[in-house]
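Each residue of the sequence shown is one higher than the last, beginning at 1 in UniProt numbering.
Simulated from the structure, these hints should not be mistaken for lab results. Cβ atoms here follow ideal geometry from the backbone N, Cα and C, with glycine treated the same way. Check before you lean on any hint, since a few could be wrong.
[To be verified] What follows is a set of in silico ranges between Cβ atoms, one per label pair, in the way DEER data are often shown:
1) M1 to L27: 50 to 58 Å
2) L27 to T97: 22 to 30 Å
3) G110 to P65: 13 to 21 Å
4) E130 to G64: 40 to 48 Å
5) L27 to G110: 26 to 34 Å
6) R2 to E70: 32 to 40 Å
7) D20 to L136: 48 to 56 Å
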Amino acid sequence: MRISDVLRVKGGEVVTVTPDSDVRHLLSVLAEHRIGAVVVSQDGTSVGGIVSERDIVRALAERGPAVLSEPVTAVHTAQVHTLAPDIHIEDVMRIMTEQRVRHVPVVVDGSLRGIVSIGDVVKNRIDELETERSALTNYISGTR
């Protein structure tokens, strides 16, 4: 299975915030959409960074509540790992594990087309295992 298959089921909507948004606004966006990370984008299609709940927690621990008034660029990750839609899900698992990231934007020709989370990858794997178990059960039932 490829990332394009995951996005076909999940959809390509990506929640973004502009670089000048403050962390307080970012928190409301995360809460509103019930997500763990957003892409930082000036225009909604380019990837200027990514910021997660973990980034905010680390910044709060280091600098205190004043971080809430800072721009998201003060807490975001600027060097973003991105994926092409034709990459295999197994490769995504490897990338997420090796790079220790839980969210990876999907980009085509420099344009944001989706985002894949560790939850999407796990859901995909569970679905594969359930399909295999069902096929095995049907096979065993048919041979007895």
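Hint-by-hint comparison with the structure:
A C-beta distance of roughly 34 Å is found between M1 and L27, which places it outside the suggested range of 50 to 58 Å. Checked against the given bound of 22 to 30 Å, the beta carbons of L27 and T97, roughly 28 Å apart, stay inside it. Between G110 and P65 the C-beta distance comes to about 36 Å, which lies outside the given range of 13 to 21 Å. In this structure the hint that E130 and G64 lie 40 to 48 Å apart at CB holds, the actual value being about 46 Å.
About 29 Å separates the C-beta atoms of L27 and G110, a value consistent with the hinted range of 26 to 34 Å. The given range of 32 to 40 Å is respected by R2 and E70, whose C-beta atoms sit roughly 38 Å from each other. Checked against the hint of 48 to 56 Å, the C-beta distance between D20 and L136 comes to roughly 54 Å, which is consistent with it.
When each numbered hint is compared with the structure, violations occur for hints 1 and 3.
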